[in-house]
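Q: The residues making up each chain are set out below.
Number of protein chains: 2
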Amino acid sequence: MTTVERPPTRRAEEIDNDQHPVGHGRMLRKEDPRFVRGRGRYTDDVRLPGMLHMAILRSPVAHARIVSVDTSAAEAHPGVRAVITGEALAAQGLAWMPTLSNDVQAVLATDKVRFQGQEVACVVADDRYAARDALELIDVEYDILPPVVDARHALDADAPVIRDDLEGKADNHCFDWEAGDAAATDAVFADADVVVSQDVVYPRVHPAPMETCGCVADFDPVEGRLTLWSTSQAPHAHRTLYALVAGLPEHKIRVISPDIGGGFGNKVPIYPGYVCAIVGSLLTGKPVKWMEDRSENLTSTGFARDYIMRGEIAATKDGKILALRTNVLADHGAFNGTAAPVKYPAGFFGVFTGSYDLKAAYCHMTAVYTNKAPGGVAYACSFRITEAVYLVERLVSRLAAELGQDPARLRLANFIRPDQFPYATPTGWVYDSGDYAATLREAMRIAGYDDLRAEQARRRERGELMGIGVSTFTEAVGAGPRKHMDILGLGMADGCDLRVHPTGKAVVRLSVQSQGQGHETTFAQIVGEELGISPDDIDVVHGDTDNTPFGLGTYGSRSTPVSGAAAALVARKVRDKARVIASAMLEVAPDDLEWVKGSFQVAGDPGRSVTIQEIAMRAHGAGDLPEGVEGSLDAQITYNPPNLTYPNGAYICVVDVDPGTAQVRVRRFVAVDDCGTRINPMIIEGQVHGGLADGLGMALMEIIAFDPEGNCLGGSLMDYLIPTALETPDWETGFTVTPSPHHPIGAKGVGESATVGSPAAIVNAVIDALAPYGITGLDMPLTPSRVWEAMQGHPTPPI
Amino acid sequence: MTTVERPPTRRAEEIDNDQHPVGHGRMLRKEDPRFVRGRGRYTDDVRLPGMLHMAILRSPVAHARIVSVDTSAAEAHPGVRAVITGEALAAQGLAWMPTLSNDVQAVLATDKVRFQGQEVACVVADDRYAARDALELIDVEYDILPPVVDARHALDADAPVIRDDLEGKADNHCFDWEAGDAAATDAVFADADVVVSQDVVYPRVHPAPMETCGCVADFDPVEGRLTLWSTSQAPHAHRTLYALVAGLPEHKIRVISPDIGGGFGNKVPIYPGYVCAIVGSLLTGKPVKWMEDRSENLTSTGFARDYIMRGEIAATKDGKILALRTNVLADHGAFNGTAAPVKYPAGFFGVFTGSYDLKAAYCHMTAVYTNKAPGGVAYACSFRITEAVYLVERLVSRLAAELGQDPARLRLANFIRPDQFPYATPTGWVYDSGDYAATLREAMRIAGYDDLRAEQARRRERGELMGIGVSTFTEAVGAGPRKHMDILGLGMADGCDLRVHPTGKAVVRLSVQSQGQGHETTFAQIVGEELGISPDDIDVVHGDTDNTPFGLGTYGSRSTPVSGAAAALVARKVRDKARVIASAMLEVAPDDLEWVKGSFQVAGDPGRSVTIQEIAMRAHGAGDLPEGVEGSLDAQITYNPPNLTYPNGAYICVVDVDPGTAQVRVRRFVAVDDCGTRINPMIIEGQVHGGLADGLGMALMEIIAFDPEGNCLGGSLMDYLIPTALETPDWETGFTVTPSPHHPIGAKGVGESATVGSPAAIVNAVIDALAPYGITGLDMPLTPSRVWEAMQGHPTPPI
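As given, the protein sequences belong to chains A and B, one line each in that order. 1 is the number of the first residue of the first sequence in UniProt numbering; add one for each residue after it. 1 is the number of the first residue of the second sequence in UniProt numbering; add one for each residue after it.
One or more of the hints may lead you astray.
When chains are identical, the list treats them as one kind, so a pair holds in a single copy or across two.
With a straight-line Cα cutoff of 25 Å, these simulated BS3-like cross-link-like pairs (lysine-lysine) come out [as the list claims (entries may be wrong)]:
| no. | residue 1 | residue 2 |
| --- | --- | --- |
| 1 | Lys169 | Lys252 |
| 2 | Lys317 | Lys359 |
| 3 | Lys597 | Lys573 |
| 4 | Lys359 | Lys320 |
| 5 | Lys252 | Lys597 |
| 6 | Lys252 | Lys286 |
| 7 | Lys573 | Lys252 |
Don't read these hints as lab results, they were simulated from the structure.
Excised from the complex, chain A in its bound form (with noise of 0.2 Å):
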């Protein structure tokens, strides 16, 4: 034998930098293999050695003061390790916790239980069937007080006070927001042609997230550090908590957010079970996992909507819309979880005004405490637009039926027009951009519009109950500015650090955390898109507190529009960076090179030109770099948005409802959506036809509904239906682009938008389709047995 073949000595800056594609387009996820091929790692892939496993248990009553907890039969149990009680909680200032929206809740009941599902004990075992077991050897004796279910009765001056631990607390009341100018709009109102309200009831209804929540908390007692995985939506804010909650000071918590089974607000708030899994561990020494079941999910965690609204419209008698007025009454359960972290007037509520360019508006919104489990969470609504939005448009189109004119082209004459953004609202609030009836206009295109209203025609004729209904919106996504809003003490800004490696590969690393969005994907191609790096040489890092910068997490549709802003910005001071290197390497001053993606190039002289690979390796390299530059190709940056971004939509439904049997069924659905810049379209797609379910489902099947003595009636998804694909129809999906002004790539945000606009378009249509019968006063969700009873010139009954 002799000598061996081999390479030549290599150096770093030969690494493989073949040119991929770069920057925006439709490319295929960057996270789906491991997901298609099971490599995925949820909350509950980590097993750790010598784990331990927690279970809860839940007050089966809605309302009643604990008399007594007798914990020794579980104590006794075989393969128990801990039973934990409030009391025992209590007694080291555990029993109650923050929530993010500077309300206190029970981490396990002491005094009472306030919901049914309420977190009364837990019981900490070798593995989840001993821990499940033990808990039915727990003997609590109950003194069973009468509930407040029913929201309008909660102010009561009978009603029994749910919330007695708060200091001098004497009723209900949780509290008040009002948006606009009443006086104004009260005065527009009294000059109108035409006045029409609308009572509508957005019920309450779950994100049902395909994973449920959970965690697996880990202490290790000599170096003083928690660890914790779970499944949330905002690990910074969740740090911040916890360091409140167990007095471990900041820097010695590490919360992961592995992958994540999808979010939709459900997981932003702190579970009672996280902060137990945590004391579990800091008992036992050891790591200790807690995972819900879909029922305890169901019952349990991250309710929204719950929201009986009148809402009022004045209009001229030719349908000039001049002013809106709404009154809500908010059900937010037993205690107040995420709903008012923000300072915009009314919350986000305020932005109701939608895409109407109005003389005056007002809203008030009073929320009250009941015996349900807290809801408020911010599914998929960018903090209570869903609701606002649902209302406007059912009163709009209700305001077109009394008029006898079509509501698409009511609309169009109503909106804010391209050349009045930036627009101030009524309310308060500055839109950026956007072309309203362009929107409209081509998703009319899109469905047919006009043939549509042909083809109902004739089938009407027919006895055909064929309905087309329309609805609009215009979304405030991207919380902050941070002056805004107020988590704990936090204001919203998002950091994001940019590494790149001597070869040109990078890393970058996010405040906010996937649940399914597809960050690893639409992040990677941000930063390639202003490096002139392919993607697929991007890593993203998101979801770990101690390897990311801080920020307050993924909801409201805020990932794109402020960490989205914030790696754009980061990859141009890493550009700026580079340009200088580049100058020296050319010889030539900074200002006479021109950007060629991924290139500087001297200007007019386009064969003198150096890679962003290239001035990596400078950068990282030996050899001199010019005076000031330190080195590296790493930036970083705290994004803080100078305004929220406005996506708009509009959406087209035709549906046709059974004559015999009241079943409805969509049968075609065209979505226009327009979020300004568009990163990847297929992502973008993903996201409308998930949240256009999401809509559908709320729209026709989903509630939780309690009964009187508050029982919830929707714990399995047995009883609480969610659409699957034989509900769900082709969805027609469209597009128009108004860049956001103040965005560096000018994207809008678009994961709540179809969520936040579909409901109103199919109730709109179902509405058209019964327009033979006269109703108006059609509460969601459209069940057959609701649209039947409504045929039937019945009120709608409860479900």
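With the hints as your guide, set chain B onto chain A.
A: Just chain B now, with coordinates in the frame of chain A:
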């Protein structure tokens, strides 16, 4: 039960911020609780599900052509998953890898084996036992070649050519280095009153860290990501090299250096075992662990020294030293691993002029290949300074003896004076600061030098062999600056990231990696000193390429001089930003604020102040920030030092030699070090104690010897002796402080000083003790047999 006591809603700023002592000073090591309680996590503690184990077949001979390798029996052995040969690697272009010195090294031998212990094949199996058993079933046929064992014959015309893999290579020459002006030096020598020359051998030694080398390689084929836990002193440089070797992009490789049980240069190179484990994981799709046993570590990895040196010193007759001239033959074994990554003249050997103010100096070095394991690692030697110091300090004491002068006082008369700094040496180095005379006088004071000399005289009269040895040194540590280093094309600069959490707790991320030096404590102190935050509230992250900024590792005492400067400067960046925020909080101009450790106070109104914790909360909190301030208190830096730092020291050793057995006992050892600003004196003392033990071992017992066939004679700790508590005296340490003017906190580094400086003091002491015998040419290690032979007038025998 009534309403339970509970704390009111808390906000983030309420997280405990009790003030602890901050900054520099003696404090217990933050990492020690986990080490002393058995909670450290070393590479061998990493156990992954499904993990396989690898063992390496090594060459039994020093030089041979490989005729054939038959792995069939090994492959059939139960539990074996893969048998990897050089030929298999060659088929994928992986048989050779670059070294950190721009040489290439065989991963697994293909054409020839070039040293005893060279890697020939490896087995991956279900457990370590199966892997080791299967090694014995691999049948390798060797065609034995004559070896080159003695460097003095490596360049003989008839010497076999070892590196015939290198194109056109017809001899065993490795490289030549020189420093200084040969002609000018010769001229000074020609005119000198006195010229003394000395031949000195610095034997091959081994750092013998407590933990051997090893790794766990885990390749995820779905994500295309390689994670490698390894005992590496330079994880970022290793990552780059793996990218070059394995063809994986850099951002898909994560190198984690967990807790490490000592490095001392042994863990700087990349060993074939790492690459084989990576290939094993790629082949099997499973994690693969490789851990050296002690014998492999001692025979195949990380050797240092092996220098045959002649030194000459020119002086006036009254003892003024004029010039130095040296010629060195360096044996770097079969591959040049880490000997020459530097572009300084003669590597760091060029600092051989030490603490002396000379007219001229010149050195020349020839390095050769031999059939020994690769040598030249930076074993506590700042890249060859150890050898240089030893040679020159032997020479200076010899000169004193020849002139009949006291060796301490002769040194005092020849030192560079404090007013001469910055001092340019004749070999092109610019020393930063020092007061060498003060340092030696402090050592003489502690030792009671004059009393010792008197005692020596008394004892000598009684026939007792008491010796007093002196050595002094100036080291050049803290490599870069970047332009002077080049490892695989990468320059020497170190990043540091600092993140201050909302409540003022902080995390600092280092590019350097601790192998026991106490980085988690020292760097927390550096940052704490700058920001007025308790070191307990500052976590230090290191040793993980995914989560630390780029840098070239810990060796050459560079952590404090380079990364320590980076940490101080990045903290000052944060402080500058905090000043702007504080000025807004206090409504005064930034310039009107005074920084008083931990707070900004309004000048002249100390009652008006804000703490760094309050500023951190403001930076992250709700509410506006001053114009241009992004929010957060994060910062990053890449630090390129403007110069090396130059710690110095003066050591005095007292020995007794048993006239009958020739056993040397170190009775006292006084070490006075000047490492500039002292961050944690306790850690400095620990470093010095360890280095003195190193030096004692090299002086008295350590040598890796070879027989004429190239068989290594030091394959276990029974053969390769290292000192224990029994052999070491109670070290007496002292210090002087001359801060480095170009280091932000004036620190110079101390990790290697005692190893560098102590051998000469011990050997000089033994020669002094043996003065009655007229011995000058005594070479380490001073084993009883060697000393006894010398006392009999015989030349020093080989071991």
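Q: How do Lys252 and Lys286 come out at 25 Å by Cα distance, when the copy is not named: within, between, both, or neither?
A: Answer is within; shortest intra-copy Cα gap is 17 Å, inter-copy 32 Å.
Q: Is the C-alpha distance from Lys169 to Lys252 at most 25 Å within one copy, between copies, in both cases, or in neither?
A: Close neither inside one copy (36 Å) nor across copies (57 Å); limit 25 Å.
Q: Quick one: Lys573 to Lys252, C-alpha cut-off 25 Å, is that within a copy, between copies, both, or neither?
A: For Lys573 and Lys252, only the inter-copy Cα distance (24 Å) is at most 25 Å; the intra-copy one is 31 Å.
Q: 25 Å Cα cut-off: does Lys317 pair with Lys359 within a copy, between copies, both or neither?
A: within (16 Å within a copy, 105 Å between copies)
Q: Is it within, between, both, or neither for Lys359 and Lys320, if the alpha carbons may be no more than 25 Å apart?
A: Within one copy only: 10 Å inside, 98 Å across.
Q: Evaluate Lys597 and Lys573 at a C-alpha cut-off of 25 Å and name the case that applies: within, between, both or neither.
A: So Lys597 and Lys573 pass the 25 Å test inside one copy only (15 Å; across, 32 Å).
Q: If the cut is 25 Å between Cα atoms, do Lys252 and Lys597 qualify within a copy, between copies, both or neither?
A: Between copies only: 23 Å across chains, 42 Å inside a chain, cut-off 25 Å.
Of the hints listed earlier, the one the structure fails to meet is number 1.
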